[in-house]
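Once you've looked at the hints, dock chain L against the given chain U.
There are 2 protein chains.
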Amino acid sequence: MLRYDTSGLYGRDGLTKSDVPGGDDEQIRKAVEQLYQRTESGELGFMDTPDTSFEPIQAWADERLHEEWKAQLVIGIGGSSLGARAVLSSALPAHKRGLDTYIADNLDPETVDRLFSFLDPKTTLVVVITKSGTTVETMSQFWIARQWIADAVGEDRADRHFVAITDPEKGELRKLVDQHRWFDFEVPSNVGGRFSVLTPVGLIPLALAGYPIDELLAGARDARDRHRQLDDAAQSWGVAAAEHLMLAEGGYQQLVMMTYADRLQGLVDWFRQLWAESLGKAKNRNGELVNVGITPIKAVGVVDQHSQVQLYMEGPKNKYFSFLEVEQFERDRIIPESPNMPDALAHLQGRRLSEVFAAELKGTRGALAESGRPTSTWRFDRITPRSVGAFLFSWQMITAVAGEMMDINAFDQPGVELGKQIAHGLLGQDKTRKFADLARSPSATGTKTVLQVL
Amino acid sequence: MLRYDTSGLYGRDGLTKSDVPGGDDEQIRKAVEQLYQRTESGELGFMDTPDTSFEPIQAWADERLHEEWKAQLVIGIGGSSLGARAVLSSALPAHKRGLDTYIADNLDPETVDRLFSFLDPKTTLVVVITKSGTTVETMSQFWIARQWIADAVGEDRADRHFVAITDPEKGELRKLVDQHRWFDFEVPSNVGGRFSVLTPVGLIPLALAGYPIDELLAGARDARDRHRQLDDAAQSWGVAAAEHLMLAEGGYQQLVMMTYADRLQGLVDWFRQLWAESLGKAKNRNGELVNVGITPIKAVGVVDQHSQVQLYMEGPKNKYFSFLEVEQFERDRIIPESPNMPDALAHLQGRRLSEVFAAELKGTRGALAESGRPTSTWRFDRITPRSVGAFLFSWQMITAVAGEMMDINAFDQPGVELGKQIAHGLLGQDKTRKFADLARSPSATGTKTVLQVL
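Protein sequences appear in the order of chains U and L.
Positions in the first sequence are counted from 1; adding 434 to them yields the working numbering.
Positions in the second sequence are counted from 1; adding 434 to them yields the working numbering.
One chain only, chain U, in its complex shape (with noise of 0.2 Å):
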């Protein structure tokens, strides 16, 4: 079960009961309906993700898991890798009974370096995830991979190690694909990275996991087809929508996503991605320059309580909260009874830490509050597969939905092509040579010597 509360964002300093829109609210409807004709017309692909048929992707999954793989090294990066990521870190040791999972995101020359130091290559499926094909990172690790396993299977052997995932038609990485005798899994070509979770993308490394991806999958579809009507549609995910929206007009530019379970900050990572690069752009569908966007901060509590909460509670009113809460844990442990236990302490004495656990959050949660803060919950019965799913979903909509209403394209990320460019001048690329000089531009140097501190 998973239910959002969001009556906290209600209140003194947050949104107003009678200014907020009802699911009958025209914008909103035409929001959610124009979601729906750019589904029905193919164009956008996210909606009908969690129908993605498992059985192929599970039996080939099992069908490895009986050779003599013992470890899969997943090279992606951003929308490439933050769906396997977090579903994975949100699941039990019974959910990860297959294959032990790293995950080559970043480029750091150190992590990558001990990463291939590590594994074993002659027992290592290497699983390479990006859409376009081009995506440096990625593929910078895996000629690495290439040629770390060639080295030690021989290039013969090397083929079968590897897994692509990506475009059906386009890019570099199909185009090798074609000339090898690699596996091979598709990005849909009107599914996103951010929004790919449940296609092979995230499908295929949870599946070699051993993750039950039949009921994450169902999960999403529930979480879809319960809220599936226009009407119910516009009420759920498109009121949903526009409190973030107003709340952020009304000067709450950033979204603090605070979980209370460790399980979940993957969630929250994957969430940081979604939210950010669909909703922070320059220039509506007009083209008119509008530069919005949310900024969304990842909480941890109760650690969190112990860094940031003072700025939370005492700071400038532009941030929000969306409380991740989860009613039942699946281990606990009790504090002691004890004859020194001090007077401060005496009534955590049989407590469980699940108990002194929510009742931090609900502390942290009544503070706010009580301090004019806007607050809302996203409330987990337990942390399951279907939960999980039906949270990537919500997400998914509510982006989406939010993104029409506020008239921007929520499905491109052009304002990471200039850095790209920059980056490739540098290394050397003639078409982009151009862009080197803007790394040596007097307000980006990085290089002059302001402060000596050691």
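Please keep in mind that the hints were generated in silico from the structure rather than gathered at the bench.
Possibly wrong hints are sitting among the right ones.
One copy or two, either will do: identical chains are not told apart, so a pair holds if it fits within one copy or between any two.
Derived lysine-lysine pairs resembling PhoX-like cross-links, with alpha carbons at most 20 Å apart [as the list claims (entries may be wrong)]:
1. Lys530 / Lys504
2. Lys882 / Lys451
3. Lys504 / Lys556
4. Lys868 / Lys751
Coordinates of chain L only, in the frame set by chain U:
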């Protein structure tokens, strides 16, 4: 070597050179002078922490390393663990030849239970760190650890498993230390948690892990002493602090610290607490309501180029950036040459990953500069105990000077009290019972089902 380049903070939409005061500015000099006076009077201790005498700590730790211990379990949260965690995560394997280190900070019952199930109580030394001695999370875990050890080795032999680091005079943990024969070390009374990494709070766990604490302290000391003269301190730390405050006044209320080195991620987490808790304040020292604070945001390059940079480039102009750059990594890999390399990636052949990584940093920084976003860079020649020590001290100084200039108390955290009281009230403590109601106020419930997702 550690250098700080702020030239990218100036330019089109950032600061203007002529507006930013120099080290001869009255307000800046006064702020630094006040800090020095409060240090000399003994009121503030953090500036003296680089002088912490490491020999007794090292000698004590070395003795322990000759005993039967295999692991240390550090129980502490916020400032009691973030420092040691940050430094340890920056360390090379060669700097971690002591005990395996596990840090219990979060109270997630599954995480805590897993830790206690995994570790062997017979060979685990438990380091309990809380200045006040009443930190709920720490003391809850302490009592569980106490029983866990006693069950394994007997009550008689349990005491020698414990090391307490707490206030020299006050608090519940100090009282317990006085009753038992535990090892104990002192947190200086005039040093708060988030400024305590260079006291036994950070140094004991680090020394037990085998980390060279003498070099860490030396780096901090060098950074302090290099800019200790009033003129120089005003020109270095003072101007740096002023730049932050002027950016915030100009609408840049989010500071993104983006590390291009995985080993520096822990330092960003440490910084997040220092910056948020010190400068996020409701009232100034005259008691006037000011609600100030700059939100610290952690970002990791290159990963967040594929997650957050779209928003950073195109979203609202409310963020500025502090890059952590490393000139020389300790390990590397080369992207191999291949006859199958696509044209679009041909220029990567033969490049070291560190070159690509550096180009990506420069690309991102250059692109942000081009889009008018203010950037600065902390440039480490290498990640060493000295450069890490210098980084820690630098940020403590900049933060403390900024607090003085803002006329707030940078050393307290009154905003976290209410949440604690509500939590204690919910857990049945008599004196806080009345606060429990705040968790049930209409704007704080979190228990309604506004939207049933699954």
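Consistency of the hints with the structure:
In the homo-oligomer, the alpha carbons of lysine 530 and lysine 504 lie at most 20 Å apart inside one protomer (13 Å), although the nearest pairing across protomers, at 28 Å, exceeds that limit. Taking the closest pair of Cα atoms, lysine 882 and lysine 451 come within 20 Å of each other only across two copies (16 Å); inside a single copy the shortest separation is 53 Å, beyond that limit. In this homomeric assembly, lysine 504 and lysine 556 come within 20 Å of each other (Cα to Cα) only inside a single copy, at 9 Å, whereas the closest approach across copies is 32 Å. Taking the shortest alpha-carbon separations for lysine 868 and lysine 751, neither the intra-copy value of 43 Å nor the inter-copy value of 26 Å comes in at or below 20 Å.
The structure is inconsistent with hint 4 alone, although it conforms to all the rest.
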